[in-house]
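Asker: Residues per chain, in single letters:
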Amino acid sequence: MITAGVDCGAKNSKTVILQDGEIIAKASVLTGFDQKASVKASLAKALEAAGLTRDQLDRIGGTGSGQKDIEDADVKVNDIKAIAAGAHYFFPNCRTVADVGAEEGRAAKIDEKGGVVDFAINEKCAAGAGAFIEAMGRALETPLEEMGSLALSSDNSIPMNAQCTIFAESEVVGLIHAKTQKKDISKAIHDAMASRIVSMVRRIGVNPDIVMIGGVGYNPGFVEALRRELGVERIYIPDIPEFGSAVGAAVVAANNGKS
Amino acid sequence: MAKYPTEPLKCWSKAKELREKFYREFSEAHEKGGLRWMGSAWAHDAIPQGLGRDVKCITGEPYGASCAFDRPLSAEFLAATENYGFARDLCSYMRNYWGSILVNKYALGGEFPKADFAFSQHICCSHAKWYQNACELEGGDVPLFAIDVGAGPYPPFAPKLYEHRVKYVQEQLLDAIDWLEKVTNRTYDDELFLECVWNDVRSTHTWAKICMLNRAVPAPLDEKSIYSLYVFGTLQKSHPEFADFYEELYDEVTDRVQRGIAACPTEQARVMSDTQPPWGFLRIYRYLESWGAVSIGSLYTFGLEGMWLYDDERDEFEPRPMPAEKPKTREEGCMLLADWHLSKPEYQHFYHPEYKTRMMAAMAKHWGVNGIILHYNRGCEGLSVGIAENRLGLLKRGFKVMTYEGNMGDEREFDEKATETRIDIFLEALGLQKPE
Amino acid sequence: MIEKFEEWYRNRHEYQTDWKQRNPDKKMVGFFCTYTPEEIFYAFDILPVRVLGSHEIQDVTEPHIFAMFCPYCRDVLAQGLKGKYEYLDGITIGASCIHLRQAYFSWDIHRNPGWSHYLPMPGHVQSPRAIPFLKGEYELLIKKLEEWTGKTITDADLKRGISIMNDARRAMKKIYELRKQDAPPITGVESMYMTCAQFFTDAREFTPVAERVYDELQTRKLDRPVGKRLMLVGSENDDLEFIHMVETLAEREPVGATIVMEEHCTTTRYFWDEVDTSIEDPLEAIAERYVLRTPCPSKDWPRRSRLDRILQFGKDWNVDGAIVVQQKFCDPHEADIPFVRKHLESNGIPTYFLEFDVTTAVGPFAIRVEAFLETLEAEEDLF
Amino acid sequence: MAEETKQEFWRWAETNWVNPDMNWKDAEFITVGIDVGSVSSQAVVMCDGEIYCYGNRRTGSDSPTSALNALSFALENSDLTQEMVNYCIGTGYGRVNVPMADRSVTEIACHARGANFFYGPEVRTVLDVGGQDIKAIRCDGKGKVTNFLMNDKCAAGTGRGMEVFADLLGVPIGEVGDRSFEIDGEPRPVSSTCVVYAKSEATGMLRKGWKTNEVLAAYCAAMADRIYSLLDRVGVEPGFAITGGMAKNRGVVDRLMIKIGIEKMTTKWDTQLAGAAGAALFGVALCKKGKGRKVAG
Ligand SMILES: Nc1ncnc2c1ncn2[C@@H]1O[C@H](COP(=O)(O)OP(=O)(O)O)[C@@H](O)[C@H]1O
Ligand SMILES: Nc1ncnc2c1ncn2[C@@H]1O[C@H](COP(=O)(O)OP(=O)(O)O)[C@@H](O)[C@H]1O
Ligand code: SF4
Ligand code: SF4
Ligand code: SF4
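One line per chain: the protein sequences are A, B, C and D, in this order. Quick note on numbering: the first sequence equals residues 528 to 786 in our numbering. Quick note on numbering: the second sequence equals residues 24 to 459 in our numbering. Quick note on numbering: the third sequence equals residues 263 to 645 in our numbering. Quick note on numbering: the fourth sequence equals residues 18 to 314 in our numbering.
Since the hints were derived computationally from the structure, they do not count as laboratory data. Be careful, since some hints might not be right.
As the list claims (entries may be wrong) - Below 27 Å or equal to it, Euclidean Cα-Cα: the simulated DSS-like pairs (lysine-lysine) are:
1) B/Lys190 - C/Lys406
2) B/Lys190 - B/Lys39
3) D/Lys159 - C/Lys604
4) B/Lys457 - A/Lys636
5) C/Lys344 - C/Lys436
Extracted from the complex, chain A is given alone in its bound form (with noise of 0.2 Å):
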């Protein structure tokens, strides 16, 4: 059995190629404003790098936002079941899965086998998804990339009062001005939007073994700082992280719609 996974996102289209239970191929583009375009490409590519043809696949799962422009799929995934699939397949044990993306921050609370039985959606706002982070960055002229470890170097803890993103972004101003050091603005930053984050989480319940996917999972400093405020030993991440709901989506297609 191979299934595929289209993940349609607000930044990236990412594809995975699931064979038998295996990822044998996956792919990430940006999603740009022809959104049809980015997700076929995004297909092409994976196929491309499995070496298979569309034909040899048994079936395609689509999901993120913008799922109804996924031509190809087979079987319509929602956001919430594909990260809940998804972090299930890399952790059976997951109870709870956080997933933060670049625009939109969800979580699901999930049956042992990774059917959903909560969720929560953040919604409004915008503060509280990667995006937040990346234009931090560009108030701080730091790369996205590099904001995380500067926040892990620092173990001040200033509060963030701003919740809007534009008025965070003077806040860090401020506190530029104030010679407050780089690294611990970076924290501050982290820990806010952290806590955005946990209040959610917090709306469906908290268990020991809580996943965290999407992209953001790649930020050490905002993962340190969610594993801080929800007060877990650890939390689990996959070492693909922006795949976790395009995976969740390839095996609820592999299971024909059912998670």
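Starting from the known structure of chain A, fit chains B, C and D with the ligands onto it as the hints suggest.
Answerer: Using the frame of chain A, we list chains B, C and D with the ligands on its own:
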């Protein structure tokens, strides 16, 4: 995939007429030499009715809801209150109401009909303030009397009904009558009053009985229709025509149950909701039905203007029996009103969310509900107070619960798309299939 | 001596745990709203302590209180959920706004210390029926306390409780009188430390300190410009960071101010009114006090009686302007604020409105306050 | 597939100017106003209350440098030196960090005073839309503030948002206004002016095949709505002037004016300078009261 027979309610058009007549009578009251009063839908409306049959009222909550149906108009009202300096997060019925006064537009056409006096009850932080401010906005010369009913929980949520608690309410009601005579220079008609008290008891009791019928599978009534029917209790419980109408309705729904008539022919799963819906978006209930899920009601639609008693031992939730005999004196009338309404299910959570959780759990059990949908209603702190604890309590009891944020009367705070997504995920979790 | 208040405030948990050690056989009850009859608890020799927030961003209340309830009640609940008050023996609330009730409810469900009591407090305080009703509720409370403590109390005990509270109130009022001076010997921050400290310290330990402070203040001179005399009006507000910001503006900016008076439930609304000891029945006297005190707006109807008291304060303390404070989502005050502002403005007291959250965004607030102060500038130097 | 845009479309022109027919040496009082805003910094130099020269630059990541840059940019083409300045006032978001300032005044007071100078004493309502603030100010005939409101917590509808947006669409910020009118039929405003969500909303619209100009129009309209609701709360008294950078964006301004339904006043000056000009004018008043610095020569 229709599974059950369905047919429209026979008394639907009559309901419509009654509603329109009610609002019309209010605006025309003066031409007919009558009086107009404004107040909460939860008020003991039998009290002012003792002033005469030509006394007409408008109740703020259903009025606020009618504003919300007309979104552009509502937007105008809300903007007006914000510009006056009121915060955006206040009760959205209240803001629509104040807006109508400020803009001087009656949601049902024409100028806003000024009231001669205001008579309300008070339990959430806003009830009395609502009319205090309305009186001020209507020129400052409109007198207000409000009854505080925050006298504590009703058995079984309190060991017993303490005498000083009922007396507190009863005596305020008696004071209100004297006050009414003073501000209207009318002599109070106790006969008429006692008749109205009985109508109140009759309609609130009958409404509860009607809701009991919705235990049947398939449900004879869906909540979207229930909204248009329960409203009479909020307009004027003590109105003879409304009490009679509920008795008619009871017979018709009984007949539907006997003949197995469904409100939603595709009923596969049953849900119950909580707090007022986002009135401008009732189509979400149709969306539920497209999945084969019917909302059979809520503690809100059942217990706001329906009178029930919750039985702890049997974990049962049943209509409160009518008193053996009618009250004979003003004092008895006020005592009955006070006691009767203190048992209102929608009052109990003001003293602890746990009480509401127990009633909701009983409801979910006896009405055969598969899932519970809680509206985190930013428009009404009164009914949403403690709702997050209700969620936790219901989850703990093993129910499937979904929540969504919105606002009953301020469309800016409801995100329809996001809500539909939540519904999708929830109904899938209930094992339903998304309609093609 | 005056530093004592700040010291208490900053170490409130230490004080309270220490008090427990000093009084091993006595109970401590946390209360959530100023409508709690502390007199009755003192009569039982129980220490009533008001639960306050900590002004830290937190993420533990999300499952219990949803978005549109006031940050203060959230902050208060967070203290409980984070286990900051584990030393309490009981909790209680004299029914106030329904926001704060939620903090109490959730605390009761998830952190019940073993005893809890919800005290219905009449909303119709302008009705003659309120006092008898409240007295009835007090009787129930007393019964419950008697069962809990195994003590029975007499009128003498109640009278003792009354004088304990009245003494504390009188001591604070005397100090408030001094704030009328052209150069107040005490800043708004210091005064707020005092009133906040009184919430949780044993009044019998607090009052002597307050009296000593009063004596010291007779001769105290502060070498700081008074600037504009401001009054705070509105929601609960123990945001010392904000008050500090206002009173230190002058150090950075050409304009400055001193908070000389407040009308909110952290200070005057809470302690200003005393129990009338001329009333025979002490329980009735206590009930009367809580019914007749300056009300929380949600109880202030049909007449809006607060307005005159606010204006009187403004005049007597000779304020140049008032900052009208509202906790985000605070419905009780939101319903009053437009009228409070109108009343003050039409009586020659300019107002500026600020909406508070758990933490103050000091920067954005500073600019507003400064600009407000600039509008109060009499000297036309700039023009 | 769109690559991340390299070019920075939000960059608006940095400008400086010296009044050719004015000689600073004749001046009794030379005053400077420096407005360090969240996005831009301006320095305005006045000789006895008339603008002699100015500089307008983007704010860097620290105020003192930004203030210095703005001032030296202003003095670039003049032989006037800092030493000759009798009074300097700092204003704007970084006002306390203006090294050469003798005192600071809030931008609210300065914009009111500046508007009074730019537009004349009839000004009663001033709207300043800057990088992250929207300020609605009421003032008297002298330009003294009587009442004001600011947006808080949420930066939706501010200049910074417009920058993010221009960048996303690859439209130079200076062209946003005009292009937003090169459409047939006014589109429905976007539902959220949240800087962040506006981005995804715009992306969504482009995906739906909207034309860039239509998206611009929809966003400008939403901004106008947002700004209007704030203005509405202080109430607009005729004698209405707009200061700050957003005044240059007719896509927002013209739509706003339609809602307000009165004429807006006009000026020959760069509206972004209003705050600094107001500050410089306060300096003049202070000098006249003998509060200025004595300087050599
Ligand atoms: N190497 C990295 N270091 C830190 N953060 C990263 C890294 N790579 C991606 N991210 C974060 O992940 C986000 C994109 O995650 P993704 O799950 O792809 O979003 P979406 O699914 O919404 O497109 C970016 O906003 C960025 O913040
Ligand atoms: N030439 C221009 N055309 C259109 N918009 C402009 C122009 N110049 C500046 N802006 C807008 O004005 C904003 C900056 O306004 P400004 O008043 O300088 O902010 P601040 O004073 O807060 O630094 C920019 O974010 C941009 O949106
Ligand atoms: S502008 Fe800021 S506060 Fe407003 S919605 Fe966007 S991110 Fe949130
Ligand atoms: S908030 Fe709710 S309970 Fe209170 S007055 Fe409004 S609608 Fe009624
Ligand atoms: S601030 Fe307002 S809402 Fe909050 S507890 Fe106090 S009165 Fe209630």
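Asker: Does each hint fit the structure? Answer for all of them.
Answerer: Evaluation of the provided hints:
no. : hint                : verdict
1   : B/Lys190 - C/Lys406 : holds (22 Å)
2   : B/Lys190 - B/Lys39  : violated (38 Å)
3   : D/Lys159 - C/Lys604 : holds (25 Å)
4   : B/Lys457 - A/Lys636 : holds (21 Å)
5   : C/Lys344 - C/Lys436 : violated (37 Å)
The structure does not agree with the numbered hints 2, 5 stated previously, though it agrees with the rest.
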